[in-house]
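Enquirer: These protein sequences, in sequence, are chains V and L. For what it's worth, the UniProt record's numbering labels the leading residue of the first sequence as 1, then goes sequentially. For what it's worth, the UniProt record's numbering labels the leading residue of the second sequence as 1, then goes sequentially.
For the record, the hints were derived by calculation from the structure and aren't laboratory data. Don't take every hint at face value.
Facing chain V, from chain L, some residues (calculated, C-beta under 7 Å) [as the list claims (entries may be wrong)]: (1) 679; (2) 682; (3) 751; (4) 752; (5) 754.
Between beta-carbon pairs, the in silico distance windows are [claimed, not checked]: (6) 541(L) with 370(V): 41 to 49 Å; (7) 331(V) with 675(L): 42 to 50 Å; (8) 746(L) with 370(V): 47 to 55 Å; (9) 575(L) with 169(V): 55 to 63 Å; (10) 409(L) with 387(V): 51 to 59 Å; (11) 409(L) with 371(V): 40 to 48 Å; (12) 324(L) with 390(V): 50 to 58 Å; (13) 375(V) with 277(L): 26 to 34 Å; (14) 116(L) with 156(V): 53 to 61 Å.
Footprint (simulated), chain V over chain L, 3 or more residues, beta carbon under 8 Å [unchecked claim]: (15) 80 to 87; (16) 366 to 374; (17) 742 to 750.
Values in this document were obtained by computation on a predicted structure and should not be read as measured data. Each residue gets a CB set at the ideal place from its N, CA and C atoms; glycine is no exception.
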Amino acid sequence: MTSPSNPLILSLNSLKSRGFDLQFHLADDPKIALQRYGQYLYDALILFSPTIERFGGSIDAAAILDFVDSGHDLIVAADSNASDLIREIATECGVDFDEDPAAVVVDHSGYAVSATEGDHTLIASDDFIKSDVILGSKKIEAPVLFQGIGHSLNPTNSLVLKVLSASPSAFSANPKSKLTSPPSLTGTSISLVSVIQARNNARILISGSLSLFSNRFFTSGVQKAGSPTKHEKSGNEQFLNELSKWIFHERGHLKAVHVQHHKVGEANEPAIYRINDNLEYSVEVYEWSGTTWEPYVADDVQVQFYMMSPYVLKTLSTDGKGHYFTSFKVPDVYGVFQFKVEYEKLGYTSLSLSKQIPVRPFRHNEYERFIPAAYPYYGAAFSMMAGFFIFTAVHLYSKCITFLPASVGLTI
Amino acid sequence: MAASEALNGTTTTSIRHAFGNVLAFFILLMIGVLAFSIRLFSVIKYESVIHEFDPYFNYRVTQFLTKNGIYDFWNWFDDRTWYPLGRVIGGTVYPGLTLTAGTLWRILNSINIPLSVETVCVFTAPIFSAFASWATYLLTKEVKGVGAGLTAAVLLAMVPSYISRSVAGSYDNEAVAIFALIFTFYLYIKTLNTGSLFYATLNSIAYFYMVCSWGGYTFIINLIPMHVLLCIVTGRYSSRLYIAYAPLVVLGTLLAALVPVVGFNAVMTSEHFASFLVFIIIHVVALVHYIKGILSPKMFKVAVALVVSVGLAVCCAMVAVLIALVASSPTKGWSGRSLSLLDPTYASKYIPIIASVSEHQPPTWPSYFMDINVLAFLVPAGIIACFSPLSDASSFVILYIVTSVYFSGVMVRLMLVLAPAACILSGIALSQAFDVFTRSIKLQLPSLSGHSHVDAGETSSESVVPNDLAKTDKSEDTSKDRTSKKSKKKEKEHVEKPPSKSLIKKRLLVLPLETSIIAIILLVLLGAFYVVHSVWAAAEAYSAPSIVLTSHSHDGIHVFDDFREAYAWLSHNTEIDDKVASWWDYGYQTTAMANRTVIVDNNTWNNTHIATVGTAMSSPEKAAWEIFHSLDVKYVLVVFGGLVGYPSDDINKFLWMVRIGGGVFPHIKEPDYLRDGQYRIDSMATPTMLNSLMYKLSYYRFVETDGKAFDRVRQTEIGKKHFKLTHFEEVFTTHHWMVRIYKLKPPKNRIRGKIKKSKFKASSKSASKRKGLKRNPF
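The following block holds chain V by itself, in its conformation from the complex (with noise of 0.2 Å):
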């Protein structure tokens, strides 16, 4: 949603030129909506309206924030003087903006350098997040060209990362007035832009500066102060072309298919397995490139055979081609285990699969028959019955034996 003059019209080009459907709507225009009918009329939603304080039509906070629930990516442009509106969604998305709204990030030693000796409020800002999947393998030379709000980050908080943060000298104040106290945020903890993946895997891009998108920075020069270095274009295009491919699952897009597992041996699937079988396990995962699903290709999948605790941890086999396997010995215990695969990686979606499967104990003739340690007792058992027979066939049959009368014995 932006304003009919249209200063942000190279990002919305790149984005055209990748075959994406664009809808422009004002962020007031009372028909617009995210769904009719309970289905989304969208894939994404790009916010660039930092001070609105009412979207018209259906749209308000809470909508937006089902609309990512449901699977769904977002981009949000805020800025100095962001509306409440605005900053509740970066929050809830788990960015906390600087409270004071008249506060601007500034740097006296990594400004841009520029004609008109300023206020230091524009940034030249080369601290890349350092992921090649978020970014793109190809190395963004120029620095970005920055003017507008920092924000903070929860470190506990394992599903957002900064993706452009400030360099140390820098902190976030009103530029107009007097600091009477230090600043709530400084250096690097303030962070410029900012990715969520979600736990569905929906993505959000959080700016500080909407001006970051602007034709004005995609086609000026930058140089930054202390720097001999001149660039006669800066990063910002780049920079957000990459990003976005992220952003809008063009990169870092796994799936799973085909799990299989069965006995070692056999095709089938059983329904159960008995303990101390041995299985093999094995699954598919593929990444889209933008255009195709392509293998991937990591050597650190794992599978858990899981029951209240992984009894198996292993990693999965490959064969370069997207087809990971790993063969196992079913854990002496019967219960009903799972074979669990969470893959969590660095820009990465994250693959969470699980699977049911009881084991069972022997059956009653699946015991083992003899036990070698009970040969003595056997020997011992078998003696008996053999000796008894013998015993009884001399004692019936033998003539050798006599018996003497008691009378004789009684004489003697």
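With the hints as your guide, set chain L onto chain V.
Expert: Coordinates of chain L only, in the frame set by chain V:
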């Protein structure tokens, strides 16, 4: 004439015996019908449905058996209970009941009577109560004759204690086990009386059936050795005693070891050591008797002195070793339930899971009147009757009543074992009493006539004499009892002996006529009172299924069908693999009726698992959620009786959740939930109580019912009325709020930041925003 008279007497006697046998047969048949029909109130008043909790598991196992056969039943590993542990059903269940019902079902279907499995299960208990009354007849007949047998059988058919566990629909182990118990005792007594090895073998087979049916078989394998020891000590040893006991121990133990749930326990646990010890003793006594028969008295004394000195040394050594072995195990080799029988305080001290079952509590005195009624007064008379004369069989019955009285005093469930003993002794007492009174009446009437005859000598009443004689002749002709013979003999004696002596003897042998008549009337009234009480107990006290509850009001009966409503909801609205957490009382019903996987159920074999659920129920919402989430629980079911006044709800069971959970997880402390030593849910309740999951799930939105949240069971308004659930979501509450089902909320898709929503800064922010708007018009 003498020969013809003898023939006539023999014919009359045989005819009389035949008639008596036919009559006894018909009486037994009617006793069976009575035993069956008195237990049908539940089917008539409600419907043909399985009762309580445990019977639902037995029903489910029977269904599996009839579908899959006996070997799959034996090897059945059930993955729908005790998630994620599962349960080996075949190795942990007493198969007698299910095999019996499965066999009945198969027989009926093979002759084209297409009864459903549930119908067979519902009526198995009434059928076997008829069998039990017939077994009681056989047992008591061996002790004291046919009359006592019939009386004992009719008493057992109606004894309320046995009715409570054998009404139609109470498909539990006791349904067939009581029959097996009595039948085993009958065969033991039969073998003891006859010395027949055939009956000894049948005795072992009956014992095997008992072992298959119920864990109470240990009562048999301890009572019979006690009786054998008693016979030996009182000098009543005989070869018949040996034949009755030795095959039972050997064959019985071998057969018991075949039952998977018993297995090697048949030779390893202390419950069976007494039988082995007495087995040794009886062999020693047999050897002594044998040697005594072949040695001279002098040689015998020498041998005794020698053997006793050596034997004592060996016995001391063996006993020392045995005591050391038993002492090494923590429970001395006894199972938990046996320890709670021997030490009534054991359960409450060490294992709260055993103490939490209401059937395992000691009975109160009214329980005896409720469960055995007038038999409590007749039993002492029966004991006295058994002493005159004392025989092997009657001493067994005395021992049976003494031991069962003790055990019934420890655990109320074992009133069930006391009931047959009480019926047998009461039957003996009643039968003896009726014999004495009826004999007195029969003897009195001819004696009065005879007396008049004696007076005939006087000339003053000469005109009356012929009439009296005529009456006497008529009575002699009409009566065909043995009494007529006795009266004839007495007349002869009268002729032979002086009149004064015969008169004195008559007075001593018989009770007065009026006293006998009154006594019979009182006994009949006593029996009538017993019948009234038994029918009332069967109709009102024990016929309720407890799956369907009723209350009576001025406009009729109101039915509460909330349990089945809840199980139907689970069956239709949840996925087949969803896990349902509840207290273990409802586990069997959930698996049987809703067909859903449960975490714990009524087979309380894993204390830690039950403690985990108890801890979750006792914990605050977040901690409880984490416990249930780690168990893959999706739904939580609680039973709440506060709206309609159902007292067996989960709040009333909450103390056991705290104790069982706290017994395994020390961070749950019972004092945290108590105020002045009581569990309270009103405004004086502790914060731990008000924040516990059980409180929240029971009373969520309860204030909406009447605005005051008045709990009809606890008779008070609850403490915290308005609260929200953060980690659970109500998905279903039954019509009378008796069953409430909640769903675990999934983890939040996003993690919120630290900034809280603030309304106080709105004005200043809006002011600055206005400035901003002016600065940036786009």
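Enquirer: For every hint, state whether the structure bears it out.
Expert: Here's how the hints hold up against the structure:
no., hint, in the structure
1, 679, "31 Å, violated"
2, 682, "37 Å, violated"
3, 751, "5 Å, holds"
4, 752, "6 Å, holds"
5, 754, "6 Å, holds"
6, 541(L) with 370(V): 41 to 49 Å, "57 Å, violated"
7, 331(V) with 675(L): 42 to 50 Å, "47 Å, holds"
8, 746(L) with 370(V): 47 to 55 Å, "53 Å, holds"
9, 575(L) with 169(V): 55 to 63 Å, "56 Å, holds"
10, 409(L) with 387(V): 51 to 59 Å, "53 Å, holds"
11, 409(L) with 371(V): 40 to 48 Å, "46 Å, holds"
12, 324(L) with 390(V): 50 to 58 Å, "39 Å, violated"
13, 375(V) with 277(L): 26 to 34 Å, "32 Å, holds"
14, 116(L) with 156(V): 53 to 61 Å, "58 Å, holds"
15, 80 to 87, "holds (count 4)"
16, 366 to 374, "violated (count 0)"
17, 742 to 750, "holds (count 4)"
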